[in-house]
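J.: Based on the hints, put chain L in the right spot on chain F.
If you're matching them up, the sequences are chains F and L in order. Going by our numbering, the residue at position 459 of the first sequence is 459; the numbering climbs one at a time, nothing skipped. Going by our numbering, the residue at position 112 of the second sequence is 112; the numbering climbs one at a time, nothing skipped.
Hint data in this document are derived by calculation from the structure and do not stem from the laboratory.
Partner residues aside, some chain F positions facing chain L, computed with beta carbon under 8 Å:
| hint | residue |
| --- | --- |
| 1 | K3 |
| 2 | D4 |
| 3 | L12 |
| 4 | L13 |
| 5 | L16 |
| 6 | L23 |
| 7 | L24 |
| 8 | N28 |
| 9 | T31 |
We treat Cβ as the ideally placed atom computed from N, Cα and C, and that holds for glycine.
Residues per chain are reported as follows:
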Amino acid sequence: MSKDSTAYKAVLLAILCAVCGLLLSGINALTAPIIAKNQLATVMASLEQIYPGGEFTEAEFDDPSGLIQGVYKSPGNGTIYKIHNVGYNSNGFTFMVAFNEDGSVGGFLPIEHNETDGFGARCFQDDYTATINGLTSSDPVPLLSGATLTSTAIQQGIDAAKALFNADAGISYDPNAVAEPSAPEAPKISFSDDFANTEPEAEEVSNDGTTAVYSTKAGGFSFLNEKGNKNEAEITLDVPSGTVKSVKITKFSDTPGIGDSATADSALKAYEGLKAGDSVDGVSGATFTSKSIAAMVKSALDKLAGGGTSAAEKPAEEKPAEETAAVTKYPETEPEVEEVSNDGTTAVYRVKTGGFSFLNENGDKNEAEITIDVPSGTVKSITVDTFSDTAGIGDKATAEDYLKKFIGVSDPEAVDSVSGATFTSNSVKSMIQSVLDKLKGLNAGTSAAEPEAAETTAPVETASVSKYAETKPEAETVSNDGSTAKFRTKSGGFSFLNENGDKNEAEVEVDVPTGKVKSVKVTKFSDTPGIGDKATDDSWLSKFVGVSDPDEVDNVSGATFTSNSIKGMIQSALDQVKSSDPAAAAPAASAPDQTAAVPETTAPEETKAPEASAAPETTDKGDSQQTVSRFKETEPELEEVSNDGKTAVYRIKSGGFSFLNEKGEKNEGEIEIDVPTRTVKSIKITRFSDTAGIGDKATADDFLSKFAGKKDADDVDGVSGATFTSNSVKAMIQSSIDKTEAPAAALPNTEAGK
Amino acid sequence: MSVKEEKKSFFSEMLLNNPVFGLYLGICSTLAISTSLNNALGMGVSVIFVLVLSNILVSLIARITPDEIHIPVYIVIIATLVTLVGMLLQAYTPELYSTLGAYVDLIVVNCIILGRAEAFACKNGVGASAKDGLMMGLSYTFSLMAISLIRQILGTGILSMSNPFTNAEIFALRLIPSGFEIPIFKSQTGAFLTFAILAAAVAAYKKSIDDKAAQAEKEAKAAAAKAKAEAAKAAKAAGAAAKEAKA
Chain F
1 MSKDSTAYKA VLLAILCAVC GLLLSGINAL TAPIIAKNQL ATVMASLEQI
51 YPGGEFTEAE FDDPSGLIQG VYKSPGNGTI YKIHNVGYNS NGFTFMVAFN
101 EDGSVGGFLP IEHNETDGFG ARCFQDDYTA TINGLTSSDP VPLLSGATLT
151 STAIQQGIDA AKALFNADAG ISYDPNAVAE PSAPEAPKIS FSDDFANTEP
201 EAEEVSNDGT TAVYSTKAGG FSFLNEKGNK NEAEITLDVP SGTVKSVKIT
251 KFSDTPGIGD SATADSALKA YEGLKAGDSV DGVSGATFTS KSIAAMVKSA
301 LDKLAGGGTS AAEKPAEEKP AEETAAVTKY PETEPEVEEV SNDGTTAVYR
351 VKTGGFSFLN ENGDKNEAEI TIDVPSGTVK SITVDTFSDT AGIGDKATAE
401 DYLKKFIGVS DPEAVDSVSG ATFTSNSVKS MIQSVLDKLK GLNAGTSAAE
451 PEAAETTAPV ETASVSKYAE TKPEAETVSN DGSTAKFRTK SGGFSFLNEN
501 GDKNEAEVEV DVPTGKVKSV KVTKFSDTPG IGDKATDDSW LSKFVGVSDP
551 DEVDNVSGAT FTSNSIKGMI QSALDQVKSS DPAAAAPAAS APDQTAAVPE
601 TTAPEETKAP EASAAPETTD KGDSQQTVSR FKETEPELEE VSNDGKTAVY
651 RIKSGGFSFL NEKGEKNEGE IEIDVPTRTV KSIKITRFSD TAGIGDKATA
701 DDFLSKFAGK KDADDVDGVS GATFTSNSVK AMIQSSIDKT EAPAAALPNT
751 EAGK
Chain L
1 MSVKEEKKSF FSEMLLNNPV FGLYLGICST LAISTSLNNA LGMGVSVIFV
51 LVLSNILVSL IARITPDEIH IPVYIVIIAT LVTLVGMLLQ AYTPELYSTL
101 GAYVDLIVVN CIILGRAEAF ACKNGVGASA KDGLMMGLSY TFSLMAISLI
151 RQILGTGILS MSNPFTNAEI FALRLIPSGF EIPIFKSQTG AFLTFAILAA
201 AVAAYKKSID DKAAQAEKEA KAAAAKAKAE AAKAAKAAGA AAKEAKA
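Isolated chain F (complex conformation) (with noise of 0.2 Å):
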C-alpha cells in the first residue's frame, strides 16, 4: 500500500482513532466511578454544612423552571434543594437553600459562583446570607440593589424551591407576592428631634375642639439640598387627644419615584395615633421627604399645644370648611366640571384636573369625560381624552381596564389607586369625585328613590348572552308577529376577534311559538374570503333550519371563527325571541333557567335584567348540555382518572390558541373536583402547547388557584391577552365539572325541575 493512497490514509486514520478510543475507554472505566464518589461526597459536605450530622436521601422532583438541580430531604430536619441559576457571569453560579420543617430557610450556602467582587458576590456575603436566612417558605424573596441580577437569579431559583416544598408540605402562599425595598434600614425619626433646618410653618385651618385641620409646610430634599420647594400637608389632630388623625400631602416637591415612597398612603398611615414625643419609622430611601413630612406634623402638634386657647374660640368657623372638604375631596387637583348634556337619567361632563405633571411641574390638566347614570349616581363611563402626566408612568391610570373599575361606582375611594401612578390615579378620582359632587349639587333630593333601579340596569350590556358572548353579537328585531320573528344580527368573526375588523352580519328568522330558527342568510361576510365563507355556504346555513340551539350543528372545520359568529347571531336571535316572549322559551331547551327567572318577568324590557341575572344560575341547575358547548371550540377531550365519590380527578385535553389558530397540540391539565359540591379543588396544567410568555399567564398557579371552590368556569374573569389559553383552562374545568355532575345527576336534578 503506497503512503500516499487514501486507502492508506483511511486505515491510519481509523486504527489511530480506535487505539485512542480503547485508551479513553479504559481509562474512563478507571476513573468514572472515582469522579462520581468525589462528586456525592462534594454534594455531602455541602449537605452537612447545612444539617450537621443529618441523614440525606435524594428525593425525586419535578420542577418546570428546570432551575433545581437536586433535593436532598433530611428526615427530621427539612429539606435542601441545590439550585443552578445565571446571573452576571455567563457560567451562572450554584448555590443551596434548605426550608426547615415548619417552612422556615434552614440555611443558605453558595457553592460555586463567579460573580464580580463588591457587586453580584455580595448576594453570597454575611448581610444577604442573613436576610434569607431570615425568611420562610411563603416570603418572596428580597432584592439586593447594585446586584440585581444576581440576586434576581438567587429570587429565581429559591422561588422555584419555594414552589416544590410548599407543594410538598401544603403550604399555602402568595408566589407574585413582592418584597418590600429594604425595609431593615428605615430611618427612625422621634417628633423630639429638631426639624429646625426644615423651616417647618404651619397655619391653623379649622378647629372645633374635637378635630384641628393645619395646613402645614415643611423643606424636604428638594428645599434642603437644592433650594427647591418645600412639600405641604394638611393635617388633622384629634384635639382632646393631641394625637394625630391623618396626614394628606398636598404638594410634593422631592423627587418622584424616590422620596415619593414616603408620601404613600400606608407611610402616612404610620403617623395616625401618634402623639407629641412618640417617634415613626420613616421610609429607608425617602429619609428626607420622611422627616419633612415628621417636621410638618410636628409643626401642626406644636401649633396645637401652644395655641389650644383657640380651640373655644373658633368653632364656628369650622363648620363650613369640614363641608367644602368633604365636598371637594381633591382639591389640589384644581378640578374643573362642565355639564355637556343631562336629560335627568344621564349626565355628561367635562372635566379637567390636575396630576403629576399639573402639580409638581405645573403642566397641564388631564381631561375627560364622564357619563354619570343620574338616578344610582354612578358613572357609566369614562374617556380620558387629554392625557398631560408622564407617558409610561402615569397613562396606567387611565388604560382603559383601570378606567373600568369605576363604572357603577358611586364613590372613587372604593377603586384602588394605580401603584405607580398615584398622581393620576387621584387626578381620575377627582375627575369623578367633582363630577359626582357636581350632581348631587344639582339634585341632591332627587337620587335617593332609585338606587336599585340601578344595579339591575348595569349588568343588563354585558351579560345578555353569554354562550358566544366573545363573538359580542348584537339583534335587532326587524319584524315580529307573534309567529315568525325577523332579525338583523351582528357578530364578530376571525377578522373581528383577532384583527379588530368587521362583524360578519346575518338576517335570521325564528319561528316565535317554537323558538326555532327558520332561516339564516348571511348579508356581510367580513372574514378571510376562502377560508372563513365556508361557514357563510347556504349549505351549512340550512342546518340550523328547526334548530333551537346553534350548537346542535357542527361548526365548519376550518373556518371555525366564522362558523362561532354565525352561530353567536343565531344564538342572539334566539335569546331576543325568548326574553321579548317569555312563554315561548318553555318549550325550548333551557326551560329550567327560564322558568325561574319568569316570575320576575312582569313587563318585556324589564326580562332583559333578571334573565341576566339569572344567567350564573344557569350552570349550577346542571343543563350540563349546554355549559359544555360553551367551550366547544376548544374541543376537549376528557377522562376520568379516578372517582371516589367524593374527590374525582380527570385528565383533560383541551384547544388554545396554538390548537385554534395553527392546528398545534393542545393542552393538558390534571383536574380535581369535589363531588358532592361540584367544586374545583385544584388544577394542574401538564402541558403548555401555546405560546411562552403571552399564553402562559393563564397557566400561572396565581390565576389558576382562583378556580378553587368554584362551581362555574365563567365565574372567573380570562387573563387578558391570553384569552385563548384562559378559554382552554376554563374548558378543561367547566368539562369535568359537568362530568363530575353527570352520575350524581340523577337525584339532585329535581332541584331543575322547581
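T.: Just chain L now, kept in the frame of chain F:
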C-alpha cells in the same frame, strides 16, 4: 561547553525562546487560569505531560504519516492525551479540576502543543522531541507561575499553596495586609496588565542581549579592520624596506 555555561543557556533559552512571552503562544489559558500558584502549577504540569507525550508520539508516527492528514492525526493524539489528563485530574484532584474547569479541555487548542508538533517533533528524533516538549512545557509553566505569583499576591495579598490531591494547605503567607490588596489583579484586566509588563520586560532583556551581541560583533569587526589595516601598513612598510634595501 562547561556545566555553568549549559545552565546559563538553559535559563536564557527559557526566557528568550519562551512560548508565552517570546512567541505569544497559548496566551488564552495563561491569562484565564493564572489567578493562583496552585492553578498555575496544575495547568503547567498538565501541559508538560501532554506536550512531552504528544511530541514523542508525533515524532514516532511522523514518518508513516502522509502530509495531507498530519493535522488530523496530531489533533487526535493531542485530544486523546488531553481527555485522559482531564479524567485523571477530575478523579484524583477534583478541587483543581473544578478551578481549571474548561481550560483543561482547551489544552487541545493550545497553540504551543500543536505548534511544537508541527515545528519540531515531526522533523526530529524521539529524544530531541521529548527534550523539546519538556523545555517548552517548563517555559510555559514558568511563565504561568510568574504571572500567577504577581496576580495572587497583589490580588489577594496571600501567597499560598495546597496539595492538589488532598486539598490540604501546604503554606499560606499574608504578604499584603488585608484591605490593601488590589482586587483588579484577580480579574482579567489584571491578567492582561501583568502579562503585558512581563512580556515587555522579556522583550527589553532580549533587546539588550541583541544589542550586546551587535556591539560585540561591531567591536570584533572594528578589531578585524584594524588588524587588517595594520597588516597592510606592515606590508607596506615591509615593501618600502625591501625597496630601500634593493636600492
